[in-house]
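Q: Below are the chains, spelled out letter by letter.
2 protein chains.
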Amino acid sequence: MPSLTITTIAGIPYIRKGDDLAAIIIEGLTHQVQKLDDGDILVIAQKVVSKAEGACVHIDEVTASDQAIQLAKKVNKDPRKVEVILSESKRLVKVHKHPNANEGIIITEHNLGHISANAAVDESNTDTPGELILLPKDPDASAKRIASALSHHYQCRVGIVISDTFGRPWRLGQTNVAIGLANIPALNLLEGELDAYGRPLKVTAPALADELAGASGLLMSKQGKCPVILFKGLEWACQPDSQASDLLRPTKEDLFA
Amino acid sequence: MPSLTITTIAGIPYIRKGDDLAAIIIEGLTHQVQKLDDGDILVIAQKVVSKAEGACVHIDEVTASDQAIQLAKKVNKDPRKVEVILSESKRLVKVHKHPNANEGIIITEHNLGHISANAAVDESNTDTPGELILLPKDPDASAKRIASALSHHYQCRVGIVISDTFGRPWRLGQTNVAIGLANIPALNLLEGELDAYGRPLKVTAPALADELAGASGLLMSKQGKCPVILFKGLEWACQPDSQASDLLRPTKEDLFA
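These protein sequence lines map, in sequence, to chains D and R. Residue numbers for the first sequence follow this note's numbering, beginning at 23 and rising by one. Residue numbers for the second sequence follow this note's numbering, beginning at 23 and rising by one.
Please keep in mind that the hints were generated in silico from the structure rather than gathered at the bench. There could be a bad hint or two in this list.
As the list makes no split between identical chains, a pair holds if one copy fits it or if it spans any two.
Stated by the list, open to error - Okay, derived cross-link-like pairs now, DSBU-like style, lysine-lysine, Cα gap no bigger than 35 Å in a straight line: (1) K116 / K57; (2) K254 / K116; (3) K96 / K57; (4) K57 / K119; (5) K159 / K247; (6) K166 / K57; (7) K112 / K57.
Full structure from sequences and hints, please.
A: So, in structure tokens, the structure goes:
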């Protein structure tokens, strides 16, 4: 019967600017006596990609604009962090502070199109106090570079998903979603296919890349150091031009903007 | 290294009212020479639970109210289907029809608290034209009944997630989410714990039950007949009083109502 195995890659060290992630992944796999086979998929936490690419900024290097200072007052955040959030964003979606809460919430549309809290700017899991980790400049390109290096090394087709952890408007808790893709289709388009009883499936499109990212969260605990998760056994159709933005609802279709 | 295996349970027949899902799952497992071990988790598609419990209504038996007729005109849907959607819901969240679209969208808060399109009323994957499948009356109770029967049979602790397929406001495609739970914690509360670099994790709570549901979508294809997915190898803390409503953001905290 169809079956897939999800495994952590142990021993990934603290990643710093300039580190070669593909080489580090190969070393980790070799160390646990594994290799990549055709169709294997890796989900990689955005943080290690951002760190390797130097997509970070130190808060002491940031000067807050007037807009950031105003907004920071409203939500009781460091104006320099708000400045970074604003510069990573193309649109404020929602700003809210509950009277009893210490800090408010800034939900924005990131320059890459993802809607999330604080433009995905993150200050946890860095060993440098005051360092803010941003999304990679072009996460699809990052995924494709890593996929290419691994495909070359193992001489097989490899899928890559770069994931980040987002909240959801109506559900508590966070899940991982895909912010960068190589070879993995964003959506499994089923339009035109029939359901198990011959009825046409109208608008069904499982968000394959987000399902993979979400599944990686089962082993990629935030307090642990498991930023790379290996999937073996899944059947999927390679889509070399896939991109994470295929997962984004166009702004004009957003009913909750 | 930590590793988990996700497998389909093959040969689940078409489920009808009164069917004993636990017995059918045991038969399926036995047939593929598997059994449940301590800590195993099953994600079960809502549809088979609803069918087994008779949580269905035939559209010919429905009389549309005036409110349903008005709303149906606005979104170009069958007023009887709209009547069912309204009777399953406690609140309309958003009604929208794009001028060029054939049908509009009705997003509601289901009586159980979940916010989704059409109050999760479903007309696919039934062999009876005109039959609408509703959510189970009390999906947590359904999950706990199935967990209890399986725990008794295999003499071990079993986790159950009942899943349904929901869209997301800002991302295209659907993912499975948890609508019923037995033993599985809804959220992995990490508050108070430290990240890998000793920094406190403020508000991190991976939505474990939704991660499991989402992962099941990798093998539970909508056009296939794989409504039961088995997870082996995940470490989790049993929470006998868990419930799917732990995943719901309270209405007063909903910034997008």
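Q: Compare the structure with each hint and give your call.
A: Quick rundown of the hints versus the structure:
no.: 1; hint: K116 / K57; result: neither (45 Å within a copy, 49 Å between copies)
no.: 2; hint: K254 / K116; result: neither (39 Å within a copy, 40 Å between copies)
no.: 3; hint: K96 / K57; result: neither (51 Å within a copy, 56 Å between copies)
no.: 4; hint: K57 / K119; result: neither (49 Å within a copy, 50 Å between copies)
no.: 5; hint: K159 / K247; result: within (23 Å within a copy, 41 Å between copies)
no.: 6; hint: K166 / K57; result: within (19 Å within a copy, 40 Å between copies)
no.: 7; hint: K112 / K57; result: neither (41 Å within a copy, 52 Å between copies)
Hints 1, 2, 3, 4, 7 from the earlier list are contradicted by this structure; the remaining hints agree with it.
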